[in-house]
Structures are given as structure tokens and as C-alpha cells.
Amino acid sequence: MEKFTVELTAANSCGVLHHISGVYAKCRINIDALTFAPEAESELAVMQVTSKGNESVRTHLLKLLLKLYDVKSVTLTQPK
Amino acid sequence: MVRTGANIVIESLCRNGTETLFGYPGGAVLPIYEELYRNSYRLRHILCAHEQNAVHAADGYARTTGRPGVVIATSGPGAANLVTGIATAGLDSVPLVVITGNVSVPLLGKDSFQELDITSVTRGITKHNFAVNSPCELSRVIDAAFHIALDGRPGPVLIDIPKNVQNESCQEEDESSPLYFTRKRPLPALDALIRMLCESSRPLIYSGGGIISGRAWGELEELANRIDAPVVFSMMGLTAMRSSHPRNGGMCGMHGTALSAELLKKCDLILALGVRFSDRASGNCEKFREGKKIIHIDIDPSEINKNVSADIGITGSLKSVLTELLKTLPRQSRPEWQQFHKSIKLKNVPAEIKTLVPENLFPAVAKYCDEDCVIVTDVGQHQIWTMHYYPFKTPGSLLTSGGLGTMGYGLGAAIGSSVARGGKRTLLFTGDGSFGMSLQELATAVSQKLPLLIIICNNGVLGMVRQWQTMFYDQHYSHTTLNRQTDFPALARAFGAEGKKITTLEELDSALQDLAPDRPTVLDCRLDKDEWALPIIPPGGSIEEMITEKKGI
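Top to bottom, those sequences are chains A and B.
Numbered per the working numbering, the first sequence spans residues 733 to 812.
Numbered per the working numbering, the second sequence spans residues 110 to 662.
Just so you know, the hints here were simulated from the structure itself, not pulled from any lab data.
Source: prediction; values computed, not measured.
Beta carbons are placed, not taken as given, at the ideal position from N, Cα and C, and that holds for glycine.
Warning: the hint list may mix true and false statements.
[Said to hold, decoys possible] Example chain B residues on the side facing chain A (calculated, C-beta under 8 Å, incomplete):
| hint | residue |
| --- | --- |
| 1 | 228 |
| 2 | 240 |
| 3 | 243 |
| 4 | 245 |
| 5 | 248 |
| 6 | 293 |
[Stated by the list, open to error] A partial selection of chain A residues facing chain B, derived with a Cβ cut-off under 7 Å:
| hint | residue |
| --- | --- |
| 7 | 735 |
| 8 | 746 |
| 9 | 747 |
| 10 | 760 |
| 11 | 762 |
| 12 | 765 |
| 13 | 790 |
| 14 | 794 |
| 15 | 801 |
[Claimed, not checked] EDC-like mimics (lysine to aspartate or glutamate), calculated; alpha carbons at most 20 Å apart, straight line:
| hint | chain 1 | residue 1 | chain 2 | residue 2 |
| --- | --- | --- | --- | --- |
| 16 | A | 804 | B | 277 |
| 17 | B | 401 | B | 480 |
| 18 | A | 799 | B | 409 |
| 19 | B | 293 | B | 331 |
| 20 | A | 799 | B | 252 |
| 21 | A | 758 | B | 409 |
| 22 | A | 795 | B | 226 |
| 23 | B | 396 | B | 226 |
| 24 | B | 402 | B | 300 |
| 25 | A | 799 | B | 260 |
| 26 | A | 804 | B | 260 |
| 27 | A | 804 | B | 371 |
| 28 | A | 795 | B | 409 |
| 29 | A | 795 | B | 371 |
| 30 | A | 804 | B | 420 |
| 31 | A | 758 | B | 226 |
| 32 | B | 454 | B | 388 |
| 33 | B | 609 | B | 627 |
| 34 | A | 758 | B | 388 |
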């Protein structure tokens, strides 16, 4: 299984991380690495999540993350 | 204007079009119930006997009206009791706004009395949930909840409001942080889809709950006529076309009709509209799509290629995509394919028998129900018999728990649906197992004077599980024989409803001619414990493995 990293921009509010990690947990995908920092002068936060999974897992995961109402954008940064 | 959190809740509900809500009071929602008392002239609250049934009632209300159902419960056990109902609504894409109280903010995280982190509990079963910390957030949060519940694929949204937030006043609304992000999707190009449809010689439309929730049944019928194709349905989509419609191929899947299985075997293209290709509907996915092209249209992008890979996947609301498609789709004629459909349809006419068996019970009840009657089911064999034997006439007239398969769903949902239609008669088919899970809600149906007609398919066993034990577990009937002595007619009378025991078709006929107009009637119909719900495809199997007769048992 290939390592992959997703970058998300989300609302910087209570419960967001729970919603996002919940999608990973629902798909039984372990989070290997996680960074989360607020964006300067905004109400948003940027998160990088690294996990392992094949292409179909990644595609489905991205679609599910994009369905979250407190997530503004989702980008697969690795592999490009 | 300075207002309390509880008052903001009521004002926001009214602003979003709420006229009726279902619920059960408790310590952590007392301020909201005080406001409900003051606003009873404009908000009708239906007090249920149990929170789970309250959320099923809100679900039934939502499926009937197309508007979000609203339910309210207290913290702790009240909130926890909502879980099954929320999950039921989530899997069937039903819009709900669920409001829970919680202990005051300073008490959160301290295992306080009736404290429950309900937003964590419901994270995986809601479309979104909000934990509110200030009364100044409430107005925007409630507006957002109504928007999200209906946006795209509908679903349940939960708002958890601590008690101090309900009591505190708000001087100025909080406008700072964004509450949700939306994504607009342009209508996709349909040229490739039209080309593929025109090239097919045996197209089959597979229609699901998306057609019902998108209220696109008119477009579906026009499409079927335009491309001269039969239509098969998932359980959630079954009423999109009347049962007697010549293009109707019945329900497909594990308990689908033999007719639908033949059509699926023979077709060369499946046009899937608002379906999930759930394991119950498609079984072995590889075999399901073998030798066929698949076009999948759904409002939810995560459904495309999830279970079955599509040759063409289109994301969009069924109503708008089909409207667009019908603007340019040429009329097609496929007489040989039509002839095939007609020839196999004739083979599926059931034999005539005159006893109280499922084949006769459901049509006999239907004779006494108006065309606009809503039919609700619980979960089990009676649910499958309803799909096979009830002659549906009106789109959206069936309420059933398709995705989660929630036993006990029916009575609450029937109450919600009847309330939504101004107290009209609603028909509930249930089993003795399912009814045993929610029967206390008869009290609500009586207090609200609802003329529900409740048909209990009473065979003294948990019939569907027993059927599986017969078929796949060497007739080891482990805990599926109920051995209960419940007298359902007497029980109904104890609640203030009507009740009769039915053992023959004549008794059924006579009971149906004399239904109470202002309270529920429970007909306890005695069926043989070894009646089966057939056909059946073994779990994980393909349509080639369909069992249509009870042989060798």
C-alpha cells in the first residue's frame, strides 16, 4: 500500500478534527502523521494527514472528505 | 433585541418553516420546553412515548412532506435513544434537524448527571453536527442545520445545546466564523451518455431512492417511454412507478422479483438513477456488472464507483439531470426488448389460493386503502411481502427502513406520516417481532387520535431470521421462536385502540369494513411460521443463484 498525504483547509472550530478523523476511522484507515495549524488572520486551519492506501481507497476517501461541511478544500499532495 | 437561547431556538425553527416537531422533555431541555409552552399557538409538539419513536416519527414526517423533520430530546439517555433513528434516517437520506439538550458548559467533560457527548456519538451517523457554546451562535447554527439537512443528498443534522446556552441571553449575534462550505457543481455534459444509450439494444433503468427524494418520478416515466426500456427498482425507489405500469419490472436484489432478475441478466446496459448499488440490491458486484455497460447518476459524488464501477458517472440532482437529458434525448424503439419483458412478465403471475397467506393478505388490505394512503413497513418478511404483493399506486407512498433495516421503525414513522397529512389514515404492515419493539407508541397514536391501520403479520417467530436459519443453518432455530403469549387485540384495547384477531380472509374483509375513524386499529393476522419471503439470492450471491421455490426443506 502506498503512502499518501492529503491537505485540507477547514473551519478552525470545535469538532472539526473529530469529523475529519472520523472519515478515516469509518474507512478503517490509520493516520500515520498529522499536522494542524491555524491560517494567519482567518477563521480557517490547514491540516496535512498522511496515511497508506491504494488508489481506489484514496479516491473514495477524498470524496468523503469533500462531503464534510466544515472542510473547505481537499487536495492530494502526495503522490501528485 | 435581547433574547434567550431557548427563545432563539423557537424563533429559528419557525423561521425555517417548522410547524410540527416530535420529542420528549427532560431536565436539560426545560428552557426550550418553556418556550414551546409559550409558543404552542404556532408550533405543534407531538409528545411520543420514547425518543427512538420520536425520531422515527420525525423521519416519517420528513419522508411524507419532503421537509426536514424536527425532533427534540434531553441530554444523556434521551439523546442516546435517538441514535438508531438518526442512523436510520442517515442511511435512507432523510432530512432531519435533531436538537438535544446537554448539561451546562461548566459541567461538560465531568461525567455530570445525564451528560453524554452526543456529538461524538453521532459523528458517523449524521450529515453534520454542531456543538453550540453560546446563544449568539444559535440562530445561524439552526439556519445552517436546515440548509445542510436538505442540501444535495438529504440527511440528519444534530445540534447539541447545553442548558446554560438555552438560558443565557444574546446581545449580539456571532457572525465571525464560517459555519459550512458549499460546493456548486455545474451540470455535466450528457453527450456520451446519450450516445451510449442510443447504441444499447437492451437498456434497463435501475431506479432508487434518489428518484423518490428528488421527486423525479415524472421524469423517470418519460425517460422510460423515450428509450423504450423496462424499469427495475431498489426497495427505496419502488413506488416511483405504479406496480401495474407495463414498464415496471419490480424490485431487484436479494429479495427482488424473478422478473427483475431476468431483466438484469438479459440487459446490455444499466442506467442507474439515484441508487447506491448496496450489497442487498446488487449482491456480487463483479457478476452484477458482467457483460453490461453502466451509467450511474447520483446526487452524491461519493456513490459513483463506490460499489460498482461505472462506464459513465454523473453527479447531480436527478430532477435537473433528467430534465436536461430529456431536452435532447431522441425517442427510441426496441420492440424485441419490449417483447422479452412482456413474455417473462406473464410467467410471474401468482397462483390463486383462498387462505390467509401473504399473497392474499396484502392485496386484500389494499382494496380498502385510498390511492393517496401512505404505506409504512417495519423490517422482516412482512417488509418483503409488502414490496411483492402490495399494489402501489402513488409515488413516494412507501416508508420503510431500507438501509439500516431498523425493526421498530414502523409505528413511529406511521405516526409522523399521519400527522404530516393532517391525521389521515396510514397503513402499517409490521411483524410480531418488530411491533414488540415499539408498541408503546400506540399510546401516542391514541392521544393524537390517529386512524392508523396496523396489520401485524403474526407468525410467532422472527420470520426472516428463522428463514435464514432454515436455509443456511441446518434448521437450528436459535432464539427465533418467540413463545410469547401476547394478546395483541387486548393490548390494543388497553391502549385505547381497536384490536381484532384475524385467521381467515373473510374475517380480514369484515374487519376492514369497520375501521375506527379516530383511533388506531390493530389487526392481528395469524400466518404460518414457515411462510417464506421468496425469491431470495443467498448473501454475496448473484442473480443466477436466485432461489424461487421452497424445495427440499
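Status of each hint after checking the structure:
| no. | hint | verdict |
| --- | --- | --- |
| 1 | 228 | holds, 6 Å |
| 2 | 240 | holds, 6 Å |
| 3 | 243 | violated, 11 Å |
| 4 | 245 | violated, 14 Å |
| 5 | 248 | violated, 17 Å |
| 6 | 293 | violated, 13 Å |
| 7 | 735 | violated, 23 Å |
| 8 | 746 | holds, 6 Å |
| 9 | 747 | holds, 6 Å |
| 10 | 760 | violated, 12 Å |
| 11 | 762 | violated, 17 Å |
| 12 | 765 | violated, 22 Å |
| 13 | 790 | violated, 12 Å |
| 14 | 794 | violated, 9 Å |
| 15 | 801 | holds, 4 Å |
| 16 | 804(A) to 277(B) | violated, 31 Å |
| 17 | 401(B) to 480(B) | violated, 37 Å |
| 18 | 799(A) to 409(B) | holds, 9 Å |
| 19 | 293(B) to 331(B) | violated, 27 Å |
| 20 | 799(A) to 252(B) | holds, 19 Å |
| 21 | 758(A) to 409(B) | holds, 17 Å |
| 22 | 795(A) to 226(B) | violated, 27 Å |
| 23 | 396(B) to 226(B) | violated, 43 Å |
| 24 | 402(B) to 300(B) | holds, 16 Å |
| 25 | 799(A) to 260(B) | holds, 11 Å |
| 26 | 804(A) to 260(B) | holds, 16 Å |
| 27 | 804(A) to 371(B) | violated, 45 Å |
| 28 | 795(A) to 409(B) | holds, 9 Å |
| 29 | 795(A) to 371(B) | violated, 34 Å |
| 30 | 804(A) to 420(B) | violated, 29 Å |
| 31 | 758(A) to 226(B) | holds, 19 Å |
| 32 | 454(B) to 388(B) | violated, 25 Å |
| 33 | 609(B) to 627(B) | holds, 16 Å |
| 34 | 758(A) to 388(B) | holds, 18 Å |
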